[in-house]
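Undergrad: Respectively, the protein sequence lines represent chains A and B. Residues 3 to 167 in my numbering are what the first sequence lists, from first letter to last. Residues 47 to 371 in my numbering are what the second sequence lists, from first letter to last.
What the hints contain is simulated information worked out from the structure, not anything from laboratory work. Hints should not be assumed to be uniformly reliable.
[To be verified] Lysine-lysine pairs mimicking DSS-like chemistry, simulated, CA-CA at most 30 Å apart:
id, chain 1, residue 1, chain 2, residue 2
1, A, K84, B, K109
2, B, K123, B, K109
3, B, K113, B, K123
4, B, K123, B, K183
5, B, K113, A, K84
All figures in this text were calculated on a predicted structure; none of them were measured in a lab.
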Amino acid sequence: MEIAFYITAAITLYSAVRVVTDTQPVHALLYMVVSLLSIAMIFFIIGAPFAGALEVIVYAGAIMVLFVFVIMLLNLGPGTVKQERAWIEPRIWIGPAILAGGLLIVLSFALGHDNLHPISAVTIDAKQVGIALFGRYLLAVELASVLLLAALVAAWHLGRPTYKR
Amino acid sequence: MSPELTTILVTVAQGIVILLVAVLVAAYLSWVERRLLAWWQDRYGPNRVGPFGTMQLVADMLKMFFKEDWIPPFADKLTFILAPIVSMSAFMLAFAIIPITPNWFVADLNIGILYFFMLAGLAVYGVLFAGWSSVSKYALLGSLRSTAQSVSYEVFMGLSIMGVVAQAGSFNMIEIVNAQQNIWFIIPQFFGFITFFASGVAVTHRSPFDLPESEAELGAGYHTEYSGMKWGMFFVGEYVGILLVSGLLVTLFLGGWHGPLLPPFVWFMLKISFFIMLFILLRAALPRPRYDQLMSVGWKICLPLTLINLLLTGAIILWQQGGGA
């Protein structure tokens, strides 16, 4: 199982890098779908099939479809590829890359030191997830639903037909 | 051979047989559909090749193999080739969770029905990329329609079967079938059945929800630029979709293999054939709605219906258990 984890993790990282470096927008989105799928795969490997399934349904199946939808409508031609290529220059990405690298060092330092415990081989099923969501994390769930309600109202407001006064 | 290895080999063989048969049956459905449509419309249909025209499929396949498999020079090659593969394999893989008899199934997953939603969500990409990579107005319009349709209908498709899941107490397909020993879920979950059926037709892009490929307005919709085997994969993919949705309807709402007297396999086949014919009859009988009508039926009627159904189901289950704590 460990080998499966490392292979999937490598695919995730590679596709995540390609999301940034690919100059063709739709191909970049395709890589993002692949990276989401491999994250779902990792969920399956560590024994959280419900989280993995939701990752695919919600992120890869719904949110990314909307992303691709919008990008398709923008009708980006070969001009965009040229523009993107001009943007990916060392002069532009070197600064953020150094800063992110610093964060990575801090993160690996923190992870390498204390309270690490291996992932248990227990499978977490849908029922346990439900109990956790509507027990311990009830407040977070309610807050998230308020946020979604606000988004819904905003979408209605933007999409409503405008009448002449 | 150790007994474990034998079990693994038998399971793998079973899986391959089931999926191969599913693809063959799906391909054969094209002939079944044409004959049935002809019969209902008072004409003959394809009856020349072989007895009753049964070999029509072979003729069609030979024709398709020898067609030039043309990729437009302006197309985006990677996604153009990927699209039909995604389109067909997503529905085929989803077929793995349908239990045909208590012993005949490909995969017994504990996330069961969620696996189908995963693949139904990914199947959208086939159509989406086909439309985009073809660089053609008709294909793009078709794929836009299809995406909007699939995404809207998948929302309440998931909700429509949550009543079944709540009553069976599991996502697992075999446990759902076993929970229907006394009463088929079509009776307590009638509104779930209706909405799932509607969304199933919409997700497979079958008439009357076939606006993505409505030939009168959009050429052939998202697969306008496809030819040869790639087009064939879209075509077979659609029939695999019919088979899959029929199989799901049987397992979720009609008690799967349960039934008196006859063996389980026969019952499953009878029920699935009924739904396949219903799909074909729908195409023969119903006109195609306007696109905005399609969307408003989805969001304004089906979605509230599934939500109310889910609420009532939850209330009844709690009431039967003694009103909760």
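Undergrad: For each hint, tell me whether it holds in the structure or not.
TA: Results of checking the hints against the structure:
The hinted pair formed by K84(A) and K109(B) fails the criterion: a straight-line CA distance of about 42 Å is larger than 30 Å. With a C-alpha separation of about 24 Å, the suggested pairing of K123(B) with K109(B) holds against the 30 Å cut-off. For a cut-off of 30 Å, the pair hint linking K113(B) to K123(B) stands: about 19 Å separates their Cα positions. In summary, the hint linking K123(B) to K183(B) is supported, as the alpha carbons are separated by about 17 Å, within the 30 Å threshold.
Between K113(B) and K84(A) the alpha-carbon distance is near 37 Å, which puts this suggested pair outside the 30 Å criterion.
In this structure, the earlier hints numbered 1, 5 are contradicted, and the remaining ones agree with it.
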